[in-house]
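There are 2 protein chains.
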Amino acid sequence: MKINANYRQLENSYLFSTIAKKVAAYKKENPHKDVIRLGIGDVTLPLCDVSIRAMASAVEEMGTVKGFHGYGPEQGYDFLRSAIAGYYQTKGVSLDPDEIFVSDGAKSDLANFLDILSVDNTVLIPDPVYPVYVDSNVMAGRRIRYMDANQENRFLPMPEEGVKADIVYLCSPNNPTGAVYGREQLKQWVEYALSNDAIILFDAAYEAFIQEPDLPWSIYGIEGAKKCAVEFCSLSKTAGFTGTRCGYTVVPRELICEGTALSKFWLRRQTTKFNGVAYIVQRGAEAVLTEEGRKQCKENIAYYLDNAGIISDTLEKMGIWFTGGKNSPYIWMKCPGGMSSWEYFDYLLHQANVVGTPGSGFGKNGEGFFRLSSFGDKENVKKAMERIAKLTRP
Amino acid sequence: MKINANYRQLENSYLFSTIAKKVAAYKKENPHKDVIRLGIGDVTLPLCDVSIRAMASAVEEMGTVKGFHGYGPEQGYDFLRSAIAGYYQTKGVSLDPDEIFVSDGAKSDLANFLDILSVDNTVLIPDPVYPVYVDSNVMAGRRIRYMDANQENRFLPMPEEGVKADIVYLCSPNNPTGAVYGREQLKQWVEYALSNDAIILFDAAYEAFIQEPDLPWSIYGIEGAKKCAVEFCSLSKTAGFTGTRCGYTVVPRELICEGTALSKFWLRRQTTKFNGVAYIVQRGAEAVLTEEGRKQCKENIAYYLDNAGIISDTLEKMGIWFTGGKNSPYIWMKCPGGMSSWEYFDYLLHQANVVGTPGSGFGKNGEGFFRLSSFGDKENVKKAMERIAKLTRP
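Line by line, the protein sequences give chains A and B.
Mapping the first sequence onto my numbering, position 306 (from 1) lands on 306, and the numbers just tick up by one.
Mapping the second sequence onto my numbering, position 149 (from 1) lands on 1149, and the numbers just tick up by one.
Hints are not guaranteed to be accurate.
Stated by the list, open to error - Derived DEER-like restraints, expressed as beta-carbon distance ranges:
| no. | chain 1 | residue 1 | chain 2 | residue 2 | range |
| --- | --- | --- | --- | --- | --- |
| 1 | A | GLY224 | B | GLN1089 | 25 to 33 Å |
| 2 | B | GLY1092 | A | ARG8 | 35 to 43 Å |
| 3 | B | GLU1029 | A | ASP78 | 24 to 32 Å |
| 4 | B | LYS1027 | A | GLY92 | 39 to 47 Å |
| 5 | A | LYS164 | B | GLY1092 | 52 to 60 Å |
Think of the hints as simulated: they come from the structure by calculation, not from any bench.
Every residue, glycine too, gets a C-beta built ideally from N, C-alpha and C.
With the sequences and hints as input, model every part of the structure.
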């Protein structure tokens, strides 16, 4: 028996384990220091009340003969697919529930969706990047081209003349950079995809953080996108579902490949290799998409955005260049004094007892940059930024 | 952009949709007939109380700052991995929690596990078969060899001289045939795998139905199996989790491929393409593995096995050949009077108003056979079997 040799090509990422080791070593030597973590990419506020009540009631149902639910549809219950379509409608995008596929999260779908695409396709991936895009393609042996995201393009790379690709990854608001594409920019990407017979895999996991009404929160706000784009979204960041696991993928009916609706292949993949999301979780997801649920989730997002504001205000006052922080939970800052990402990590840990994430861990263009996250406790965020502001710049 | 051409090679299965259409048509013409379904492969009894209470409490936790859980480990929480190891220990198999990977179900894992194995491997699959084994390999373009399961070998095919394969699928107790391998038979399969450098993918989803103490309920009861077998299991049938979604896969430390522990690749696959099972569900799963939980689940399984006994007793009295029904929820019967699977389906629907599953839907060797399931209501099972017993044999 032979293993998939592509797995040997994967690069090991030591980013988060190195961070953990460095923090542990520092704390061991300095047990009384109050170390604040602004590195995490995970939510911290509890689930909203309406969702808790819906899941509690679904749990009770599962204990009764009448309310028990066995296998559900792999693509999700109609009640949830309709609720998601309703959510899109409130923001002006019309989708049929049949175009929506419920899953256990955007990460799974982003990786699993590749299953239905040929390994002969060339993939275009921004650098810096959420590592799943790269690793899932390396596992399949696809050819990867990188596009540079950098200070010049404000970490929003645009299509380039002569760069051919079949599959394009876009993530907006971006993880790790917090940068958000404008309407005109996404329009150029849709035009690129349509004229190159390419497909856009649009990661909209952070869409709920967008506050400015002019910024596109879905690729389907752009004309023609339904013919060339699949959108991946999740309740992880929208509703704090990182440990509750529910996402959804939109495969529009108009997206036709080689004469067949792509959704037909995705449905076949999901019915073969997936068995749907827990009934209890789908009821919780339905609840957060009600008017009351959306209101409660917005309050949580406002809390995180307040934190992001505290971080970005401090950086602005310090004259530090950054992206994100306004329509995103992430702030992507340039390391001061020409420090490398890891130099700044060590500097912050030792001088301010603040932990962030070195940008170089997300790709070569991340070198010299640093990610701060707004998912922490407000008092801690304030304290951390006060400490950073007081640092004598190197 | 090109799609994965292997998807074009998939055969469409119309088994369950044809059944649904035929039943609907019959009911439309005979609205007052009481049609009983013995075709379903899904549990019907509610979740046991201890699991409901654990999930209700986990839901409450998720609504509090202190009890909230965000991202969990992709391979499952330690509390659940330890509980699964404990469950194996009660049956005499020692596993380290690190060898256990929690997932959203055996179907997902059985399909996704192929991701880490080379597409150049040859696969050996029994016929008749649970269709996921076939389809997930067709999607990857692997060469499939079939082994005949039939009346002569009591639907338990054994290794054959000269038949080389790299990946072998075994499912015991079997879906769809209900047949269960004995210890000596599994020993031969383990020897085959070890001497052919093959891996056994052992589907143990129905292990909880095994009552006879001499029958192996895990492949790891066989010496040497940890060197050549991965075991897939699930709480779907053990604890009625078909709509709650929790399974687990065992990749023993001793299973080395090309010099590397296979578990290392599986962990990489899961951390890249999966984000773990909901905290709430993992707490429910932990509860069913406690002593009290196991007791409550056994009561449900006893109920289904009683149904299976009613079915098999009737068939025995009628002199009809069958497998299963004793250590399995399924009864795989020979169609009487030389009828084909679909002929018998129509005959039963029209003459007895009973719905079963035509064996031909599971592969060519299923032709002339028929699957009855014990997951229904006891009174209905009794009624159905009384009707079948009264039929004048064709």
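Going through the hints against the structure:
A hinted range of 25 to 33 Å is violated for the C-beta pair GLY224 of chain A and GLN1089 of chain B, which are about 59 Å apart. For the hinted restraint 35 to 43 Å between GLY1092 of chain B and ARG8 of chain A, the CB-CB distance of approximately 37 Å keeps it satisfied. For the hinted restraint 24 to 32 Å between GLU1029 of chain B and ASP78 of chain A, the CB-CB distance of approximately 28 Å keeps it satisfied. A hinted range of 39 to 47 Å for the beta carbons of LYS1027 of chain B and GLY92 of chain A is consistent with their spacing of about 43 Å.
With their beta carbons about 59 Å apart, LYS164 of chain A and GLY1092 of chain B fall inside the hinted range of 52 to 60 Å.
Hint 1 from the earlier list is the only one contradicted by this structure; the remaining hints agree with it.
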